[in-house]
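Visitor: Take a look at the letters that make up each chain.
Number of protein chains: 2
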Amino acid sequence: MQLVMIGSGNVATVLGRRIRLAGHTVLQVVSRQPENAARLAGELGSAFTDKWQEIDKQADLYLVALSDTALSDFARRGPALDNRLVAHTAGAVSKDLLETITRRPAVLYPLQSLRKEIEFYPEIPLLIDAQTPADKELLTAFARTISGVVREADDETRIKLHLAAVLVNNFGNHLFRLAEDYCRQEKVDFRLLLPVIRETADRLTRFSPGEVQTGPAIRKDRATIEKHLSMLGKYLDTSELYELFTKQIEAL
Amino acid sequence: MQLVMIGSGNVATVLGRRIRLAGHTVLQVVSRQPENAARLAGELGSAFTDKWQEIDKQADLYLVALSDTALSDFARRGPALDNRLVAHTAGAVSKDLLETITRRPAVLYPLQSLRKEIEFYPEIPLLIDAQTPADKELLTAFARTISGVVREADDETRIKLHLAAVLVNNFGNHLFRLAEDYCRQEKVDFRLLLPVIRETADRLTRFSPGEVQTGPAIRKDRATIEKHLSMLGKYLDTSELYELFTKQIEAL
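Going down the list, the sequences are from chains A and B. With our numbering, letter number 179 in the first sequence gets 179, and the count goes up by one each step, no holes. Every number in our numbering is 1000 more than the matching position in the second sequence, counting from 1.
Rather than coming from a laboratory, the hints here were simulated on the basis of the structure. Every value quoted in this text rests on a predicted model; they were computed, and no experiment measured them. Accuracy of the hints is not assured; some may be wrong.
[What the hints assert, rightly or not] SDA-like mimics (lysine to any residue), calculated; alpha carbons at most 20 Å apart, straight line:
| id | chain 1 | residue 1 | chain 2 | residue 2 |
| --- | --- | --- | --- | --- |
| 1 | B | K1160 | A | T157 |
| 2 | B | K1160 | A | R222 |
| 3 | B | K1160 | A | N36 |
| 4 | B | K1160 | A | T214 |
| 5 | A | K227 | B | I1218 |
| 6 | A | K160 | B | T1214 |
| 7 | B | K1247 | B | V1212 |
| 8 | B | K1160 | A | I225 |
| 9 | B | K1116 | A | R206 |
| 10 | B | K1187 | A | T157 |
| 11 | A | K160 | B | A1223 |
| 12 | A | K234 | B | T1157 |
| 13 | A | K247 | B | K1247 |
| 14 | A | K234 | B | A1251 |
| 15 | A | K247 | B | Q1248 |
| 16 | A | K227 | B | S1067 |
| 17 | B | K1160 | A | R191 |
| 18 | B | K1160 | A | L232 |
| 19 | A | K187 | A | L244 |
| 20 | B | K1187 | A | N83 |
| 21 | A | K220 | B | S1208 |
| 22 | A | K247 | B | D1154 |
| 23 | A | K227 | B | K1160 |
| 24 | B | K1220 | A | R115 |
| 25 | A | K187 | B | S1208 |
| 26 | A | K247 | B | K1116 |
| 27 | B | K1187 | A | E152 |
| 28 | A | K160 | B | E1243 |
| 29 | B | K1160 | A | E152 |
| 30 | A | K160 | B | S1230 |
| 31 | A | K160 | B | Y1235 |
| 32 | A | K187 | B | A1223 |
| 33 | B | K1160 | A | K160 |
| 34 | B | K1187 | A | D155 |
| 35 | B | K1234 | A | L244 |
| 36 | A | K160 | B | R1032 |
| 37 | B | K1234 | A | A251 |
| 38 | A | K227 | B | L1204 |
| 39 | A | K136 | A | R151 |
| 40 | B | K1160 | A | D237 |
The following block holds chain A by itself, in its conformation from the complex (with noise of 0.2 Å):
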C-alpha cells in the first residue's frame, strides 16, 4: 500500500516503522512540525511537508496519528480528501469526525502505549473501524501485515477499550511512579521490584486477576497495613491511594 502518514509523534512513529518494515511505502509525512516530520520522514524514507495543502492527494490510505485536539483541528481545516480511506488513530473519538474531509472515515486504533524511544513492541493490537464492509475489510488485511491481532471494534466498543487501557496502564504506571519516588527517597532499590512487577502482569495470561489477590488488604492484615500508614506519612498522594485501595479491596 501507498500511504500519506499525517502526525509525526509517538503514534506515527512507532506505526510508520512497522508499516515500512512490512513492506508499505510511506509516501509523504505531513506535520505541522517540521523538525519531527523531517526526522520522521528520514527515517521512513518518505517526503514530508508541514502544510497541510501540501498533502499529496494519491496514496491508497491516510493515517491520521494526531493527538485529539490536533485531531479535531485536522478535520475541521483540513483538506478535502473525497474518497480518500482516512483512518485516525484514537481511542476515544468517533470515526464520524472524519467526514468533513472524507467520504470514507476509518479508525486504526493501537490499543498499546506507544513511546518512539521503544524499538521494539511485541504485540500491538489493532482495532479497525470503517464506514462499509468494503473499507473494514482492505483495513483490516493492511492492519493484518503489520500486527498479529486486529479486531474490528465500533466507536462504543473502542472506547470502552481505551478506557480499561487507562486504568491498567496509565493508573498502573502511576503506581509504579509512587513507588519508585518513595524507593528513591527512602534509599532502597527500586529495580528489586522488577520482577514482582513483571510477574503481576505476566500471569494474567494464565489467571484471572481475582484469583491472585495477595497482600496485607486481602488478608485483613491490620496490623502491617497500619505501621505502612504510618511510613507513609510524609507521601501524601501515596498514603491517599493506599487507603483507597485498601478499603476496597478489605470490602471485596
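Please arrange chain B on chain A, whose structure you already have, making use of the hints.
Guide: For chain B alone, kept in the frame of chain A given last:
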C-alpha cells in the same frame, strides 16, 4: 544443606521446589494442616508432621514460611531450637520475633508474589538478614543457590521494600481486577489489554515511570476524562479510583 520447612502454603511450596531443585534436602515439612503438609512433603520427598513437638532437631536451617499470625504463634509456642539457624520469610516482621525459640534468628524474604499454582518464576529476589556476619554469610550462600538476586537487608529496609511491593503488586492487581470486571460486564475482551499491561511492566527495565506516563490525565484532556467518568457511573470503586488517580496525575 539439610532443611526443615515449617509451613505448607504458597511460600513454602514455591521455595521448597527451588530448594529441592538446587540439590538440597528438605528433611521434613511441618504444618498444622496435615493435608497440605502431606502434599508438599510428597512433592519434596520429605517426611512430614503436623505437630510442632515432633520437629526434627538436626537440620542446618529451619525456614518458617507462615502467615504473620501463624508466625507469631510459632514464636510464642513453638519448640526450642536453641542454637539452630531459623529464618522466617515475612516482609513486615522483625527477625527478633524468633529470639524466643533460637539464638540465631534470621530472615529470608522473597520479594515476589508467590502462588503454588505457578510452576516457574523467572526471578525471585531474596532479602537476607541474620544476627551475626557468619550467619549472614551462610544464609546468603544458601540463598544464591536458589536465586540469582540476593541482597542483605535489615528489618527497616525490608519493610520498606515490602510496602513498595504492596503498591505495585497488590494495588496493581486490584486495578487489573477492576478492568477485567468492567470488560466482562461491558462485553469487551479483557485479553486485548494483556499486551499493554505487559509493556507497562517491561519498559521499566529501561525507562523511569515518570518518563513514560501517557493518557488523558497527564494531557489534562478533560473531554475524555468526563466521558470516561460518565461511562463508569455504576462502577463505584473504579470511578472513585479514576477520580483520585486523575487528580494526582493532573497535578504532576
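Visitor: Look at each hint and say if it fits the structure.
Guide: Status of each hint after checking the structure:
1. At most 20 Å may separate the alpha-carbon atoms for a hinted pair to count; B/K1160 and A/T157 exceed this at roughly 41 Å.
2. In summary, the hint linking B/K1160 to A/R222 is supported, as the alpha carbons are separated by about 17 Å, within the 20 Å threshold.
3. For the given pair, B/K1160 sits about 43 Å from A/N36 by alpha-carbon distance, which is inconsistent with the 20 Å threshold.
4. In summary, the hint linking B/K1160 to A/T214 is supported, as the alpha carbons are separated by about 17 Å, within the 20 Å threshold.
5. Simply put, A/K227 and B/I1218 have alpha-carbon atoms about 31 Å apart, too far for the 20 Å limit, and the pair is violated.
6. Restraint check for A/K160 and B/T1214: the C-alpha separation of about 17 Å stays at or below 20 Å, so the hint holds.
7. With a CA separation close to 18 Å, the supplied pair B/K1247 and B/V1212 stays within the 20 Å bound.
8. Straight-line distance between C-alpha atoms of B/K1160 and A/I225 comes to about 13 Å, which keeps the hinted pair within the 20 Å bound.
9. Note on B/K1116 and A/R206: the hinted pairing holds, with a Cα-Cα distance of about 13 Å set against a maximum of 20 Å.
10. A hinted pair counts as satisfied when its Cα atoms are at most 20 Å apart, and B/K1187 with A/T157 qualifies at roughly 9 Å.
11. Between A/K160 and B/A1223 the alpha-carbon distance is near 15 Å, which keeps this suggested pair within the 20 Å criterion.
12. Of the supplied pair hints, the one linking A/K234 and B/T1157 holds, its CA atoms being roughly 17 Å apart against a limit of 20 Å.
13. Our distance criterion of 20 Å between C-alpha atoms is met by A/K247 and B/K1247, whose separation comes to about 19 Å.
14. Only pairs whose Cα atoms come within 20 Å are accepted, and A/K234 paired with B/A1251 is accepted, the gap being roughly 17 Å.
15. With a CA separation close to 19 Å, the supplied pair A/K247 and B/Q1248 stays within the 20 Å bound.
16. A distance of roughly 16 Å separates the Cα atoms of A/K227 and B/S1067; the hinted pair therefore holds under the 20 Å criterion.
17. Restraint check: the Cα-Cα separation between B/K1160 and A/R191 comes to about 13 Å, which is no more than 20 Å; the hinted pair holds.
18. Note on B/K1160 and A/L232: the hinted pairing holds, with a Cα-Cα distance of about 10 Å set against a maximum of 20 Å.
19. For the suggested pair A/K187 and A/L244, the alpha carbons sit about 26 Å apart, so the restraint of at most 20 Å is broken.
20. Of the pairs offered as hints, the one joining B/K1187 and A/N83 is violated, with about 34 Å between alpha carbons and a cut-off of 20 Å exceeded.
21. Restraint check for A/K220 and B/S1208: the C-alpha separation of about 32 Å exceeds 20 Å, so the hint is violated.
22. Simply put, A/K247 and B/D1154 have alpha-carbon atoms about 30 Å apart, too far for the 20 Å limit, and the pair is violated.
23. Our distance criterion of 20 Å between C-alpha atoms is met by A/K227 and B/K1160, whose separation comes to about 10 Å.
24. Straight-line distance between C-alpha atoms of B/K1220 and A/R115 comes to about 19 Å, which keeps the hinted pair within the 20 Å bound.
25. Taking the CA atoms of A/K187 and B/S1208, the gap is near 16 Å; set against the 20 Å cutoff, the hint holds.
26. For the given pair, A/K247 sits about 27 Å from B/K1116 by alpha-carbon distance, which is inconsistent with the 20 Å threshold.
27. Of the pairs offered as hints, the one joining B/K1187 and A/E152 holds, with about 14 Å between alpha carbons and a cut-off of 20 Å not exceeded.
28. Proximity of A/K160 to B/E1243 is assessed by CA-CA distance (about 17 Å); at most 20 Å being required, the pair is judged to hold.
29. For a cut-off of 20 Å, the pair hint linking B/K1160 to A/E152 is broken: about 45 Å separates their Cα positions.
30. Restraint check for A/K160 and B/S1230: the C-alpha separation of about 12 Å stays at or below 20 Å, so the hint holds.
31. Between A/K160 and B/Y1235 the alpha-carbon distance is near 13 Å, which keeps this suggested pair within the 20 Å criterion.
32. Restraint check for A/K187 and B/A1223: not satisfied, since their Cα atoms lie roughly 39 Å apart, outside the 20 Å limit.
33. Of the pairs offered as hints, the one joining B/K1160 and A/K160 is violated, with about 36 Å between alpha carbons and a cut-off of 20 Å exceeded.
34. Taking the CA atoms of B/K1187 and A/D155, the gap is about 14 Å. The hint holds against a cut of 20 Å.
35. The hinted pair formed by B/K1234 and A/L244 meets the criterion: a straight-line CA distance of about 18 Å does not exceed 20 Å.
36. For a cut-off of 20 Å, the pair hint linking A/K160 to B/R1032 is broken: about 47 Å separates their Cα positions.
37. With a C-alpha separation of about 17 Å, the suggested pairing of B/K1234 with A/A251 holds against the 20 Å cut-off.
38. Annotation: proposed proximity of A/K227 to B/L1204 is violated, straight-line Cα distance about 28 Å (limit 20 Å).
39. Distance restraint check for A/K136 and A/R151: the Cα-Cα separation of roughly 10 Å lies within the 20 Å cut-off, and the hinted pair is therefore satisfied.
40. A hinted pair counts as satisfied when its Cα atoms are at most 20 Å apart, and B/K1160 with A/D237 qualifies at roughly 17 Å.
Comparing the model with each numbered hint stated earlier shows that hints 1, 3, 5, 19, 20, 21, 22, 26, 29, 32, 33, 36, 38 do not hold.
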